[in-house]
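For reference, the chains in residue letters:
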Amino acid sequence: MARRDFSASRIPGFATVAILVFCALYAPIVILVAYSFNVGDSIAIWEGFSFRWYPIAWNNEQVREVTMRSLTVATIAALIATTVATLAALGTTRRRKTRGQTFIYLMINQPLMVPEIVTAVALLIFFASIKVATGYQGLAYLIAAHTAFCIPFAYLPIRARLEGMDTTLETAAADLYATHWQTFRFVTLPLLMPGIIAGLMLAFVTSLDDVVITLFVKSAGQDTLPTYMLAKIRRSVSAEVNAISTLLLLLTVVLLTAFFLLTRKRE
Amino acid sequence: MPADAVIEARAARKVFRTGQQTVVALNDVSIAIRKGEFFTLLGPSGCGKTTLLRLIAGFETPSSGQILLNGNDITDAPPNLRPVNTVFQSYALFPHLTVRQNVGFGLQMQGVAASEITDKVKRALSLVRLEDLADRKPQQLSGGQQQRVALARALAPSPEVLLLDEPLSALDLKLRKEMQSELKRLQHELGITFIFVTHDQEEALTMSDRIGVMSKGSLLQIGAPREIYNHPVNRFVADFIGETNLIPAEVRNAKATIVRNVSIPVDPASPEGAHTLAVRPEHVRIVPVSGDVPLTAKVGESVYFGTDSHIQLLLADGTEIIARHQNEATGGEVPPPGTEVGVAFAPGAVQVLED
Ligand SMILES: Nc1ncnc2c1ncn2[C@@H]1O[C@H](COP(=O)(O)OP(=O)(O)OP(=O)(O)O)[C@@H](O)[C@H]1O
Ligand SMILES: [Mg+2]
Chain A
1 MARRDFSASR IPGFATVAIL VFCALYAPIV ILVAYSFNVG DSIAIWEGFS FRWYPIAWNN
61 EQVREVTMRS LTVATIAALI ATTVATLAAL GTTRRRKTRG QTFIYLMINQ PLMVPEIVTA
121 VALLIFFASI KVATGYQGLA YLIAAHTAFC IPFAYLPIRA RLEGMDTTLE TAAADLYATH
181 WQTFRFVTLP LLMPGIIAGL MLAFVTSLDD VVITLFVKSA GQDTLPTYML AKIRRSVSAE
241 VNAISTLLLL LTVVLLTAFF LLTRKRE
Chain B
1 MPADAVIEAR AARKVFRTGQ QTVVALNDVS IAIRKGEFFT LLGPSGCGKT TLLRLIAGFE
61 TPSSGQILLN GNDITDAPPN LRPVNTVFQS YALFPHLTVR QNVGFGLQMQ GVAASEITDK
121 VKRALSLVRL EDLADRKPQQ LSGGQQQRVA LARALAPSPE VLLLDEPLSA LDLKLRKEMQ
181 SELKRLQHEL GITFIFVTHD QEEALTMSDR IGVMSKGSLL QIGAPREIYN HPVNRFVADF
241 IGETNLIPAE VRNAKATIVR NVSIPVDPAS PEGAHTLAVR PEHVRIVPVS GDVPLTAKVG
301 ESVYFGTDSH IQLLLADGTE IIARHQNEAT GGEVPPPGTE VGVAFAPGAV QVLED
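If you're matching them up, the sequences are chains A and B in order.
Residues 1 to 267 in the working numbering are what the first sequence lists, from first letter to last.
Residues 1 to 355 in the working numbering are what the second sequence lists, from first letter to last.
These are calculated hints, taken from the structure and not from any lab test.
Just so it is clear, CB atoms sit at the ideal spot from N, CA and C, and this is done for glycine as well.
The reader is advised that the hints may include incorrect statements.
[Stated by the list, open to error] Once the Cα atoms are required to be at most 25 Å apart in a straight line, the calculated SDA-like pairs of lysine to any residue come out as:
id	chain 1	residue 1	chain 2	residue 2
1	A	K97	B	T22
2	A	K131	A	T75
3	A	K97	B	A77
4	A	K97	B	V24
5	A	K97	B	F59
6	A	K97	B	E328
7	A	K97	B	S64
8	B	K120	A	E170
9	B	K120	A	K131
10	A	K97	B	S63
11	B	K137	A	P190
12	B	K137	A	L162
13	B	K137	A	L191
14	B	K137	A	G164
15	B	K137	A	D166
[Claimed, not checked] Over 12 Å on every C-beta distance to chain B, these chain A residues come out as not near it, computed from the model:
id	residue
16	A8
17	Y54
18	L169
19	E170
20	L191
Taking the hints into account, I'd like the entire structure generated from these sequences.
Structure follows, in structure tokens:
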């Protein structure tokens, strides 16, 4: 008789469902990447292999402009969000547990639970009044909005790392004459680094592909890469968008690989 | 206060509140630890040993009472301002630092000059014989080696007092014995006061200058190993330290009546009334039945331990006594079960317990 231990693979239909889910996850991406190498204009009819869409995308002045804007917003928003999230995570894991703990978690993770469209509308109204009062129209609104919804994405991995950390190490540091600041600087922070980097990358990627909130908050001429692609695709379907998407995908893969290698080396 | 006390606890009390429950982890403990001594806190799990160490190290503040260092009140001083270092049970080595950096951590935090750190780290590593592994990370070391790094790290800043919370409990028996003598050697060489926590009574007896026996948050007895072993103050201490026979008796006029009409002489200073007698198994003698020996017993099971055997003896009223019998090379024979034998106690071996 075979092993009788529980194994998910023995549930009827398990393999079928697994394969379907994988197809749903990856088939569209595979097709997107494949058509970025299509010779023709179509994103539905394969006409032969070519790299031509990449130089076309790269030489498009507008693509460059929106890419730079996206990267600027994502970098600044991710950095601020990660800093805030690190402090929030320290505040929620490195002090005495209080009654309102769960409430605080909910408050920090608010952007994950409130529908994005609600946040978008709220920000639109809020920023509109500031715009009227100050006359400032710049990129700061977009950065502020991105920072806000990136915080929970940065917060989650950092908090997970802090909670998994042995607090005896911090006690040991204090025992060895470290002040609070030295304990943080020489023990907590280095051990927290993989969590911070993960948080930073999650925040960066989340900001990079945001559409809804950006659409509501941006001023005229402040398209980011995703809103630009959306506008372009509305006008005419072009394999240029596939090429840009493929490059974005590549960036994500590179970031993830870098993170993986980085954390593995530390262990 | 005692003039030579380096650490003193005065009525130190610690109460933990978890939800509705309150736990009295330390119940007004007073103790004075002498400069340069090897002091052991001994007691069963949960009796408050770690809590007392944490109060001394400054990781916890007492609910009431005081902690003094060289006569100065340090009750509210944070751990980084106390010249007291800890060897943690889990070692708590910094995983992102090398052995060398771990050992130098305390000195670095104190702002000691780099060249001096190098020298002191080198000396600390040679004390624990780990010079060759200085550039490894803690994960690349065996348990015993990690233990020695933890020791070197705590010793490097030359603390006045070293706290060791069951530092040997994770090691196997052989390594444990090795580290026991290593610790004794270090303590002797450095002259630092060691406060050592264990729940292993043998470890406590062999290593300590003095032992404090704890139970349920209270210190029951403080004394040299010999004193604690030979003159336990109560039933708990007698039972916890070594093996002991506890015999109910009626004490009057320096005589303890055990079984009906059989009484044995005890210390005249002993308390009177219904008490428990404590006698160590090695002080119980099996002798031939004769008129000189009032106490008789029936031999029960015996258990062989190599160098000696433990023989069960049943008194007339059913009280069970264990006698330790040396197994001589010639094969000193153990009386067979059922034999009627006489029982005698070594002079001064019978202790009347307060409770
Ligand atoms: N932070 C805490 N919160 C609540 N109760 C605690 C806390 N720390 C210790 N206690 C309780 O205090 C009592 C004494 O604990 P302590 O850790 O000092 O025991 P111990 O003698 O070191 O035991 P062991 O030999 O198992 O390490 C225990 O009942 C424990 O449950
Ligand atoms: Mg303990």
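Evaluation of the provided hints:
With a C-alpha separation of about 17 Å, the suggested pairing of K97 (chain A) with T22 (chain B) holds against the 25 Å cut-off. Of the supplied pair hints, the one linking K131 (chain A) and T75 (chain A) holds, its CA atoms being roughly 24 Å apart against a limit of 25 Å. Taking the CA atoms of K97 (chain A) and A77 (chain B), the gap is near 23 Å; set against the 25 Å cutoff, the hint holds. As the CA atoms of K97 (chain A) and V24 (chain B) are separated by approximately 21 Å, the hinted pair is consistent with the 25 Å bound.
Between the alpha carbons of K97 (chain A) and F59 (chain B) the distance comes to roughly 17 Å, so the proposed pair stays at or under 25 Å and holds. Between the alpha carbons of K97 (chain A) and E328 (chain B) the distance comes to roughly 63 Å, so the proposed pair goes past 25 Å and is violated. Among the hinted pairs, K97 (chain A) with S64 (chain B) is consistent with the structure: their alpha-carbon atoms are about 23 Å apart, no more than 25 Å. About 23 Å separates the Cα atoms of K120 (chain B) and E170 (chain A), which keeps this hinted pair within 25 Å; it holds.
Our distance criterion of 25 Å between C-alpha atoms is broken by K120 (chain B) and K131 (chain A), whose separation comes to about 63 Å. For the hint linking K97 (chain A) to S63 (chain B), the alpha-carbon distance of about 19 Å falls within 25 Å, and the restraint holds. For the proposed pair K137 (chain B) and P190 (chain A), the alpha carbon gap of about 15 Å is at most 25 Å, so the pair holds. For the given pair, K137 (chain B) sits about 21 Å from L162 (chain A) by alpha-carbon distance, which is consistent with the 25 Å threshold.
This hinted pair checks out: K137 (chain B) and L191 (chain A) have alpha carbons roughly 14 Å apart, not beyond 25 Å. Between K137 (chain B) and G164 (chain A) the alpha-carbon distance is near 20 Å, which keeps this suggested pair within the 25 Å criterion. About 17 Å separates the Cα atoms of K137 (chain B) and D166 (chain A), which keeps this hinted pair within 25 Å; it holds. Even its closest Cβ contact with chain B, about 33 Å, leaves A8 (chain A) beyond 12 Å, as expected for a residue assigned away from the interface.
Every C-beta of chain B lies more than 12 Å from that of Y54 (chain A), the closest at about 42 Å, which supports listing it as non-interface. For L169 (chain A), the non-interface assignment is contradicted: its Cβ lies about 5 Å from the closest Cβ of chain B, within the 12 Å cut-off. A cut-off of 12 Å between C-beta atoms contradicts the statement that E170 (chain A) is not in contact with chain B; the least separation is 9 Å. Its beta-carbon lying about 6 Å from the closest one in chain B, L191 (chain A) breaks the requirement of being farther than 12 Å from that chain.
The structure is inconsistent with the numbered hints 6, 9, 18, 19, 20, although it conforms to all the rest.
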